[in-house]
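Novice: The chain contents come next:
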Amino acid sequence: MGWVKSPIHKRAHQNKRYNTATMLQFKLVLLGDSSVGKSSIVHRFVKDSFDEFRESTIGAAFLSQTIKLEKHPDVTIKFEIWDTAGQERYKSLAPMYYRNANAALIVYDVTQPGSLVKAQSWVEELKNKVGDQDLVICLAGNKVDICDEDATAREVQREDAQLYAQEQGLLFYETSAKTGAGVSAIFQEIGERVYQKKGMEVPSSTQARKPLNVELQRPSTNDSTSCCS
Amino acid sequence: MNAVDGPGYLDEPQKSGSELNCPVCAQTLHDLAKLNEHLDRIHGFGEVSNEDADSVNTQLTRSRNVVENSSKAAKANRFELKRDHWIKPVMGKSRCRTCSKSLTQARQAINCRRCGEVYCKNHCNLIIKLNSNAEYNPLTGEWCKCCINCFGNRAGYNEFGAVCNKTSMFKELRGSKVEDKQLRKLQLENRFIRLANGIQQINNQSSKSMLASIRKYTEINKLERSVVPWTPDEAAFACSLCSKPFTLALRKHHCRLCGKVVCNESQTNCSNQLPLMSLIRAASDLPISTEFVDNNAEDVQIRICSACVRILFIKRKFTRELSLPEPSILRIYENMRTTADVILSILPQVLNQAEEFSATPNAPDVALLTKMRRKLLDSFALYDRLTKQMLKIKPKNPAEERIQRAIVFRASMLIQEHMLPLRSLTNAASTQNSSHETTPESERSMNQGYGNNLSIKEVKEYRDQLMVLKEQKFLVENMIASASKQRKFDEAETLSGNLRELNEQVEMIARALGEEGFS
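Same order as they appear, the protein sequences are chains A and B.
Count the first sequence with full-length UniProt numbering and you get residues 1 to 229, in order.
Count the second sequence with full-length UniProt numbering and you get residues 1 to 519, in order.
Calculated directly from the structure, the hints in this document are not laboratory data.
Mimicking DSS-like on lysine-lysine, the simulated pairs with C-alpha atoms at most 27 Å apart in a straight line are: (1) B:460 to B:388; (2) B:457 to A:91; (3) B:260 to B:185; (4) B:488 to A:68.
A quick note: this is a predicted structure, and the numbers were derived from the prediction, not measured.
Using the sequences and the hints given, assemble the complete structure.
Specialist: Next comes the structure, spelled out in structure tokens:
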């Protein structure tokens, strides 16, 4: 009996690895004017924390986070997030990070109309330099918590931004890194879109092999961090 | 004084020997020192200085006598200084009062001759004149060593007299004046506002009906008198500003803002008829309603004296002109000046380098020299361009034209002056190069130096980019280190991929910059 069972078990295991439990790695870049809350959104997403007095980013920061898609529970997506600095000085760094990205999250501040203009210029730049067939672009209006408290603070109407996003074919969300509203939804949606694009291109070849390595190493990683540091 | 300065005269006191008579009171004294003291004490010669020129002849001879006597007396009998107030230094225990250095050898210690305190040699090296009682006496004393305290505390040293601070008084006085002025200005402003608003209103009404238009000028006149009471004509005999008496030819006029009687002389410019609209425009910060601006209010003029104009409008004009963008002529001049600074700072370096190079030609010098020379030539080219730009500007007034001409003249002078040594340098360098075989390295650097023709702006941009990239490289290196420490090897791999990209980018920009890169 044991002889019969074990191959079946093995095969099931293999199936799970190669076909059903797909792990994909996506490169995501955050763009937008300075102090609109790019880093705050990322930190809410990755660490589920919010810092009221975050210092402005220098250069580009790197963070990663793994999520499971809600619509495809067997798909795991690992986001490699490049959080770029919004200051004009670091503008020359951005092309390096959006060049091979799968997704771009362009953030503006709903209380700052100037930041939407800047976001639009980023959209232009992405479309000119990368082309949107390879890239999922998402527009996010951050800091809605301020508008919830005080409706007069809002300078960019949701409808205006949404209309623009529709014209350009972008995903659109309004978020608040402070309360966490809309942050996980945005990454779910981005993951979903990228998975649809990628899933069609590469069903299992390069992307699927990677998880093998990762899964083998993962337990040891967790152990070492939990007991040594 | 020279007249009485004979050798025979000088010998006289010595001849008289031990017996001396006071030249003033004829009292007999034993020796010169006694006579000296007697003269100082009884006749008050202690204060008399040699410079007192307007004395009678006899007095002069006397004072001369005193000085001569004193010096001779000091030489004659040895000067004995009081010593009993000296503090005896204990070797090894006493310390210098100034530097607290412990005094171990008797040679090092020294007493201040005046206060008697112990000092080291270095801090008792000043000299003042002391009398035998160790008191300061600038006239008859002998030069003695003293400490810094005694030197500084002696009478007459660094004396400035009593200090009386009058700043607060001045401030008070000035404050009240300024306040007066401010009040005066405010008053005039209020009057002007009332006048301007009133006139505009009258204007507005007159445009509506015939009757009002007939009465317009009487209305304005009435308004003007209501704004400020006019000084009656009979009370004024002369212009209140230039004080010229009024005659049949020089008529009396009233300033509509201060009400004073002034003349209308074109030379002194005491008062003028000024169009209301331009006045309102000149004082646009005042709350004057401008709703009637498009009516033909231009024809209304009001007479204002020069004093009121100065108070109300001069400062406004000044601040407005200050806020205007500076004229292009100045902007270009500023650029020219910085370029000239660059030239002047590089030129001597280049010449030095060239000299060194001609003495001992070797490869690294060539590269440096080439780089500097290129920079210099670029600066000259820029300077020349700026000069041409300056020439293109059309001057608005004669003053500006003069300034422009001066700047261009100075610029051509500078170029002539400093291009000349450069030309000889070029020759030297080229002959040197042809005689000396150029190494491939130097050749390459030269080609590169001349090859990339980047404008200053491009260079600046590239440099900024390079700086940002290097910063990011450093950040990513740190991220890799921390990622591998936390055993997140997949992250480290991604990051190293990015680092490679960064390195490529850095190299690319460094290549584009060429010689202009950070050395």
